[in-house]
Structure formats: C-alpha cells, structure tokens
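Undergrad: Single-letter residue listing:
There are 2 protein chains.
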Amino acid sequence: MTDTSSRPVPRVPRGFRDLFAPDLAARRRMIDVIRQVYERFGFEPLETPAMEYVDVLGKFLPESETPEGGIFAMRDDDREWIALRYDLTAPLSRVVSQSGADLPSPFRRYQIGPVWRREKPGPGRFREFYQCDFDTVGTASMAADAEACIVYADAFRALGLKTGDFRIRVNDRKVLNGVLDTAGLAPDSAPAGAAQRLTVLRAIDKIDRLGPAGVRELLGKGRLDESGDFTPGAGLDQAQAERIMAYVEGGDRGGDRAAVCAALRELVGQSPAGLEGVAELETIHALLDAAGVGGELVVVDPGVVRGLAYYTGPVFEVELTFEIVDEEGKRRPFGSVAGGGRYDDLVERFTGTKIPATGASIGVDRLQAALSASGRLADTRDAGPVVVTVFDKGRLADYQRMVTELRAAGIAAELYLGSGGLKKQFKYADRRASPVTVIAGGDEFDRGEVSLKDMALGRALTADVKDRDGWLKQPAQVTVPRSELVAKTRELIERARVPSP
Amino acid sequence: MTDTSSRPVPRVPRGFRDLFAPDLAARRRMIDVIRQVYERFGFEPLETPAMEYVDVLGKFLPESETPEGGIFAMRDDDREWIALRYDLTAPLSRVVSQSGADLPSPFRRYQIGPVWRREKPGPGRFREFYQCDFDTVGTASMAADAEACIVYADAFRALGLKTGDFRIRVNDRKVLNGVLDTAGLAPDSAPAGAAQRLTVLRAIDKIDRLGPAGVRELLGKGRLDESGDFTPGAGLDQAQAERIMAYVEGGDRGGDRAAVCAALRELVGQSPAGLEGVAELETIHALLDAAGVGGELVVVDPGVVRGLAYYTGPVFEVELTFEIVDEEGKRRPFGSVAGGGRYDDLVERFTGTKIPATGASIGVDRLQAALSASGRLADTRDAGPVVVTVFDKGRLADYQRMVTELRAAGIAAELYLGSGGLKKQFKYADRRASPVTVIAGGDEFDRGEVSLKDMALGRALTADVKDRDGWLKQPAQVTVPRSELVAKTRELIERARVPSP
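Top line first, the protein sequences correspond to chains A and B. First residue of the first sequence: 2, per the working numbering; consecutive thereafter. First residue of the second sequence: 2, per the working numbering; consecutive thereafter.
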C-alpha cells in the first residue's frame with residue numbers, strides 16, 4: 002500500500018539509543034538506591050524543564066567555546082535561542098535566582114534525569130544520558146562539601162560496591178591556585194592569568210588519559226597528538242612545570258589525608274589562597290573522620306582538578322578502581338563515574354549577589370556500564386508475567402477470567418494475544434521470562450481443571466518434546482482443580498525463587 | 002563583579018515549568034501506581050530517545066498539517082531534521098520496525114516519560130508533559146483492546162478514584178465508517194472521501210467543547226467562532242448530518258453496552274465495515290464481562306472518536322465525571338485524561354507490512370491537576386529530614402556524628418548548613434517539614450545529653466517563644482542521654498505519624 006520510496010527508514014539520530022527491559026530494570030534499581038540515599042541526607046526533589054534559554058545555560062561546557070557549541074539549540078517562537086539542558090547545575094542556578102525567596106535556605110535539592118550533549122558520540126559515549134545530581138545552595142560551610150563525599154561513600158556502598166572497588170578523591174581549587182601563585186604565574190584576576198590558569202587546569206585534568214609526559218608538554222609549549230593535531234600549551238618554563246608536576250603527583254599517600262594536607266601546606270608557601278584551600282581540606286578531613294569515613298574510602302588527591310572552569314573550592318571525583326575490558330579488548334581501570342565541586346560564583350551570574358553552593362553528580366549510565374562490564378551487575382532481569390495460553394480460541398472469555406483472577410491476586414499475568422499453537426506460545430513465554438504458563442483445553446474444561454507449567458524447570462526439557470501429550474507427562478507440569486489456579490501458581494512462582502541446590 | 006547589562010534574566014521558555022518537592026512526590030506516587038498496574042498486565046518497559054528524525058515521527062499531530070508544525074525541531078549534524086518526540090506511539094512504531102525480530106511477538110511495552118508539543122500554552126496546558134503509554138504490537142485480537150479498558154479500570158481505581166468518579170468510553174472507528182457509508186459519503190479509499198471523513202471525525206471530536214449545534218455547523222457548511230475565525234465544514238446535507246448526529250448522540254444508555262451495540266447494528270445497516278465494528282465492540286463487551294468489568298466502569302459511547310487520523314478500530318477514552326472549578330472560576334466536568342485506540346497501519350509506514358497494534362495512554366499531569374483541583378489528592382507532602390541544629394560552630398564534628406548515626410539507622414537527617422541562630426534554624430526545619438530537630442549546646446555536651454524537639458507539636462507553640470530557655474521548657478521538647486539519640490528520635494517520628502484525635 003505505501004509507496005516504498007516514501008517510506009521513512011526506522012533509525013535513531015546519532016548518539017541516541019533505545020533501552021529495553023533488562024537495562025531499564027537495572028537502571029531503575031540503581032536510581033531507586035541513589036534516590037533513597039539522597040533523601041536520607043535531606044535532599045528534596047526538583048525537576049526543571051528539558052529546555053532552557055541558551056543565555057541561562059551559559060557556556061560552561063568543558064569542550065566548547067561558543068554558546069551553541071555542544072548543545073542542541075533552536076529558536077523559540079520569540080526568536081530567542083533555547084536548547085536542551087546539558088547539565089543539571091545551570092538550571093539549578095537559574096531556579097535559585099528566579100525562585101530563591103520561595104525556597105528554604107540552604108536549598109538542598111536532588112534532580113535525576115537526562116541531559117543532552119551535542120558532542121562526538123563513540124562507544125559508551127551517548128548524546129543523551131542520565132545524571133543524578135545533589136546540591137546545597139546557600140552555604141559556605143565545608144560541612145556541605147564533606148557531606149558530598151559522605152553521600153558518595155554511602156551511595157556507592159548502597160549500590161553494592163565494596164570498599165576498594167571505588168575511591169572518592171577530593172582536592173581544592175584554591176590549593177592549586179596557591180601552587181600556581183608560588184610558581185610565579187599571573188593572578189586569576191588578570192585576564193591573561195585566568196586564561197593561563199585554565200589551560201594549566203585542563204592539562205592536569207588530562208593526566209589519566211595522557212600520563213605525566215603528556216601533561217608536561219601541555220604545561221610547556223604544547224602537544225602534538227598521534228593524529229597530527231597540535232594543542233597549544235600553557236607556556237610555563239621547566240621549573241614552573243616541575244613544581245606543578247610535583248604537586249599533581251603528590252599522590253594520595255595510601256589514604257593518609259593528614260599527611261597529604263601537611264605536604265600541601267609546604268607546597269603553597271605563604272599564598273593566602275593556597276593556605277585557605279589547605280584549611281578547607283583539613284576541615285573536610287576532620288568531618289569525614291567524625292562520620293567514620295576513612296582514607297580507604299576518601300583520599301585527598303592533588304591530581305583531581307575537574308575540567309569545568311566554574312569550580313571555586315573543593316572538587317570531588319569517584320573513580321572505580323577495578324579493571325574492565327574496553328571496546329578494543331584492552332584491560333584498563335574504568336575511571337571516573339561521578340564528580341562535582343563547589344561553585345560559589347554561579348548564581349551570581351544572574352543576581353550579582355554571591356550565593357555559595359556545592360554539589361555533585363553520579364553518571365548512572367556510565368556506572369551501569371562499568372558494573373555490567375566487570376560482572377558486578379547481577380543478572381537483574383525481572384521475572385516476566387504468567388502467560389495464560391490460548392488452546393481454544395472459542396474459550397477466550399474463560400482465559401480472560403483466569404488472567405483476571407491472577408492479577409487480582411497481585412500476580413503479573415497476561416493472556417497470550419498472538420497467533421499460533423502451544424509450542425509458539427511456550428516460546429513466547431520463555432522470551433518473556435515467564436515463571437509459569439497456564440494451559441487449559443477441552444479436557445481440562447470438562448473436568449473443571451487447569452494445567453500449570455513451571456517454565457524454569459521446563460526450560461531444560463523443552464528441546465526434545467514434540468507434542469502436547471509429551472508436555473503433559475513432564476514433571477514440570479501439574480494439573481489442579483480450576484479453583485486452585487491462583488494458589489498453585491503462587492506456589493510455583495515461590496518455588497522458582499528459591500535457587501536449586 | 003558581573004556587568005549588570007550582560008546578566009541573563011532567570012526565566013524558563015514559554016510553556017515550560019519547574020516542579021518542586023510536593024508536586025513531584027505526588028506525581029511519583031501516581032506513576033509508581035500506574036507502573037505497577039502496567040507490569041501486572043505483563044507490559045515491559047521501553048525507553049526511546051527524546052529526539053527522533055522528523056520523518057520517523059510523521060505528521061500525526063491533530064492540530065498540525067506540516068511536518069515541523071507542533072514540534073520542536075532542529076537540524077542534526079548531518080543536516081537532517083530531528084525533533085523532540087511529541088508522543089510515545091510514533092517512537093514505538095519505529096522501534097518495532099527497527100528491532101522487531103529481536104522482540105517478543107506480540108510486543109507488550111509500556112513507556113512513561115515526557116513528550117514535547119510546540120502548541121499554544123495556556124492555563125494547565127504545557128509544552129512538556131508526561132505520558133504513561135502501554136501498547137500491544139503484533140495482535141489483531143480484540144482481547145488486547147478489551148484489556149486496554151481493563152488496564153484503565155484497574156489503574157484509575159488503584160489511583161484512588163471511586164467508581165462513578167470516572168468513566169471509560171469505548172467506540173470503534175469502523176462503526177463510524179459504517180454510518181458514513183450508509184449516509185452515502187464517498188469511501189475512505191477515495192482521496193476526497195478520506196479528507197471529508199477526517200473533517201467529520203474532527204467535528205465529532207469537538208462535541209464536548211462546542212455542543213451538538215457546533216458539531217452540526219462543522220458537519221455542514223462550516224462554523225464561525227466568537228473570535229471571527231471560520232472553520233470550513235464537511236459539506237454534508239442536512240439529512241446526512243442528522244443521521245450522523247443520531248449516531249453520535251446514541252449515548253451510553255446508562256452503561257447497557259449490549260443495548261448500545263444492538264442500536265449500532267441497526268444504524269450501520271448492511272455496511273461491511275460497520276458490521277465488523279459492531280462485532281468488535283460485542284467481543285470487547287463479552288471479554289469485559291468475563292473480567293468482571295461492568296457498565297458502571299466501561300460504556301460503549303458512539304460520541305468517542307478521538308482526534309487522531311491513524312486509529313483504525315476500537316478507540317477508548319477515560320473521562321473524569323466530577324466537576325472542578327476551572328481557571329475562570331466556573332464549575333465544569335474535568336473531561337478526558339486518558340485515551341487511545343487501535344492503529345493497525347502505523348508500523349506499515351516503515352515496513353510495508355501490516356502489523357496490527359493497539360494501545361493507550363494516561364496523561365498523568367492532567368490527571369494530577371484534576372485530582373488536586375477536586376480535593377482528591379491528599380496532602381501528600383513527605384515528612385522532611387530530621388535537622389540537627391548547630392548551636393556551637395566549634396562542635397561541628399560532634400553534630401556530624403549525630404547526623405551520621407541517624408542516617409545509619411535509616412532516618413533521613415541533615416546538619417543545618419546555613420548561618421544564623423536557633424530561631425532561624427527552627428524556621429528552616431519548619432519549611433522542610435522536619436518531624437524532629439536535634440539541639441545540643443555546651444550544657445548538653447557537658448552532661449552527655451541531647452535535646453529533641455517534636456516539630457509537629459512544637460509548630461503550634463512557636464509564635465510566642467522568644468529565647469532558647471523558653472524552648473527548653475516546652476513539652477514538645479525532651480532531653481535524653483546522648484546514647485538514646487536514635488531511639489528517641491525514632492519514637493518522636495512514629496508519634497507524629499499517628500494522627501491526634
């Protein structure tokens with residue numbers, strides 16, 4: 002009927018994907034756990050629109066220098082540019098600027114939802130992905146930053162990760178600024194200083210990918226990569242670069258936070274910013290100790306700087322320490338799956354008034370991929386519905402009664418709605434991971450009975466059975482009075498839940 | 002610091018909105034209920050991207066004749082048009098065309114998520130709203146259509162609506178086509194016939210808004226509305242129009258589905274399409290009876306046609322029958338909050354092969370607005386977190402220990418992170434709907450004690466208390482040994498849950 006040439010090709014835009022039941026079930030479970038942790042810490046939900054005005058979003062993407070770069074933008078009816086949100090922090094700043102007087106202060110909110118980035122897609126890199134953010138707006142207290150680390154520690158353990166599977170790394174931008182002060186760089190307040198410091202920051206942020214040699218190049222004249230692209234460097238001399246590398250590689254000292262803080266105090270010399278940053282890290286360390294969160298979970302690591310320009314104080318990151326096999330078949334540590342930091346100037350963009358804030362995010366899709374790739378995500382497929390098979394199409398109303406009774410008892414159940422005989426129906430039930438199928442033909446109806454097949458038991462035997470009589474002889478199948486349909490089905494479902502020895 | 006003139010104005014695009022904790026808590030509860038019902042019926046989750054190619058979405062919006070009308074569209078990197086999905090049915094058709102071989106057949110999926118429509122926003126009409134869809138693809142069986150009605154009946158009752166608060170109305174497009182056949186209209190297969198029949202359909206769909214007189218005008222020459230806009234009519238003569246009005250106003254006959262079916266059988270005469278439609282309604286009626294779903298819940302109503310062109314058979318709609326006070330202060334029935342139907346030709350657009358399908362949707366935002374406006378949505382605000390107040394900033398680590406203990410016991414708790422004295426902290430706790438606040442100053446620490454304030458009890462007395470000593474004398478406040486912090490807090494929370502007589 003349809004003209005072939007005018008048929009649309011069924012496909013999704015580049016970097017987008019469909020998610021099906023098993024992945025969705027696993028993600029929902031993860032999100033439920035994360036939400037429960039956030040709520041236990043007193044964060045309340047917020048939902049902002051998918052679309053924001055582009056000037057509201059600002060230009061804070063790490064990879065983009067232009068307002069429309071990296072985002073999905075279009076013109077609204079009023080000709081102003083609107084775009085899909087690329088994170089949940091810019092919308093939060095907008096909400097606080099717009100509705101602050103109606104909100105509790107501090108405002109502690111969480112938001113879980115998709116964000117969209119018009120970046121180059123790749124294996125495991127999508128243009129639409131979920132973020133789970135929690136932020137506290139309206140407090141300068143380091144207790145809020147310490148809490149971000151504690152939220153992480155609780156959330157990742159609640160997600161089933163063991164101590165040692167992940168490490169929360171905390172650092173402070175002020176310490177880096179102090180080190181840059183003592184290395185003789187121009188201050189952040191000078192335009193050239195700000196640009197140079199941002200280049201240094203982004204160089205350090207690449208240490209996991211490029212290693213210390215690559216970072217040294219980016220701190221100096223610049224770096225030529227394998228593809229021939231040249232990235233200009235920060236233009237530091239060798240002594241400056243080495244001073245910074247000594248800082249970056251100060252390491253986590255086996256989780257001895259106090260030792261790292263002491264070493265940093267040496268490195269920042271008399272820099273006021275640097276001393277302030279070290280004091281902040283020491284406060285966070287003390288509060289973590291009070292909460293019983295030790296160096297096996299949270300380390301102070303000068304190598305963590307985060308790529309975003311807007312962080313002003315503590316920054317945090319969660320890395321998974323176990324190795325996975327990547328798309329190219331190589332074993333490698335999975336790396337960072339969560340991060341955040343303090344951004345005391347972001348709300349000021351709108352209001353002109355400083356409103357200190359801190360917060361962090363969990364990238365649940367990346368985390369799910371990591372847990373799945375490392376075998377840490379159990380086979381989380383939910384059991385499917387009981388399938389009431391249709392042996393005699395003239396008895397549809399009778400089958401409908403059965404399915405209604407099962408549902409009324411809280412048992413997920415469906416009537417087989419496709420075509421084909423019992424064999425096809427059992428195959429369908431297998432694909433749906435049905436625990437039990439219900440079978441009733443003329444004989445059963447005459448005797449007031451119904452047959453139930455335990456699909457879990459049955460799956461092993463299915464292959465070599467040819468006919469319906471064969472089915473009926475299997476031990477996985479029982480025939481009971483019609484009145485016992487619900488009770489016997491429930492019994493078989495319960496039996497399937499107990500793992501066989 | 003920021004240049005005032007360059008400050009963005011914090012605002013959201015027209016037709017978008019922020020949602021805060023109380024609304025989100027209510028919506029989440031509703032969605033959880035709906036999802037449980039869908040899963041009990043054997044539907045499994047699917048999540049498609051926010052963005053689709055425009056040719057994949059097609060042009061099935063009721064109000065729009067052009068591909069870009071009514072949708073938020075932009076060009077992708079490959080210069081092809083992409084847009085935010087405007088419903089969840091077009092993406093489902095795309096998924097089945099693209100991945101059908103990997104899916105169970107029939108494919109029973111639900112999807113809950115936002116859709117975006119670039120239509121004129123108004124009170125209660127947003128450009129971003131949630132839909133909760135469930136569909137069965139790959140079955141021509143009327144059992145699937147009957148089930149859609151049963152899902153509705155179960156879902157709306159599970160949401161707390163009483164029989165009589167809502168009515169599920171079912172009809173069949175084939176019956177309407179049969180009536181149009183007998184009235185002498187050109188067949189659907191003729192281009193002019195299809196256009197005329199669509200005009201008739203849209204006229205009937207407006208009966209709730211325009212009344213019978215308005216529909217009569219639209220069936221005839223056309224209608225001039227109050228603003229002076231003229232809508233061209235279907236051009237039927239009076240006898241044809243009256244025949245159709247007799248059909249439309251055939252009514253639900255107090256829920257006597259068999260009687261309505263019998264009357265429809267008369268009206269369609271010898272029209273094959275009409276007779277097929279009546280037989281479908283009779284099958285649905287019988288299956289509803291088998292499921293114990295009577296005329297008090299589901300009626301056959303010829304007035305229901307649904308505005309979308311793509312429906313091919315049964316169509317359903319849920320209307321709320323109670324009155325609400327609208328934006329203009331008028332009492333009126335709230336109207337339709339859910340609907341759907343059979344669309345046997347939609348997948349064929351992609352594949353050229355007919356894959357019969359049926360499904361329906363619940364508009365959860367509209368439903369929430371209706372329940373809220375009619376007082377049927379209980380005050381669903383969740384209790385907030387326990388707030389550990391900060392009396393002595395030097396004791397932050399001690400307060401951190403308290404909040405950690407409470408959380409470890411599963412109690413939502415937070416450390417007060419703002420500035421200001423106890424009074425301000427209590428005010429904050431009130432805004433957060435905290436059940437209990439924890440207070441500890443020098444005296445408490447010296448004696449190894451902690452004070453707890455029952456905020457629910459305390460709220461009544463707050464106004465005339467001036468100082469901290471005053472607080473401590475109130476009966477709503479108790480002082481207990483520090484070791485009993487968790488147990489006593491839990492006791493006070495439990496007490497607050499029991500409504501006072």
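The hints are simulated quantities; they were obtained by calculation from the structure and are not laboratory data. Incorrect hints may appear among the rest.
All copies of an identical chain are treated as equivalent in the list; a pair is satisfied when it fits inside any one copy or across any two copies.
[Unchecked claim] Each computed DMTMM-like pair below joins lysine to aspartate or glutamate, with the alpha-carbon atoms no more than 25 Å apart:
{"#": "1", "residue 1": "K424", "residue 2": "D103"}
{"#": "2", "residue 1": "K394", "residue 2": "D182"}
{"#": "3", "residue 1": "K394", "residue 2": "D290"}
{"#": "4", "residue 1": "K163", "residue 2": "D346"}
{"#": "5", "residue 1": "K121", "residue 2": "D78"}
{"#": "6", "residue 1": "K121", "residue 2": "D206"}
{"#": "7", "residue 1": "K394", "residue 2": "D345"}
{"#": "8", "residue 1": "K121", "residue 2": "E267"}
{"#": "9", "residue 1": "K424", "residue 2": "E492"}
{"#": "10", "residue 1": "K121", "residue 2": "D447"}
{"#": "11", "residue 1": "K331", "residue 2": "D166"}
{"#": "12", "residue 1": "K121", "residue 2": "D56"}
{"#": "13", "residue 1": "K489", "residue 2": "D79"}
{"#": "14", "residue 1": "K424", "residue 2": "D346"}
Undergrad: Could you work out which of the previously given hints the structure breaks and list their numbers from low to high?
TA: Failing hints, ascending: 2, 4, 8, 10, 13 and 14.
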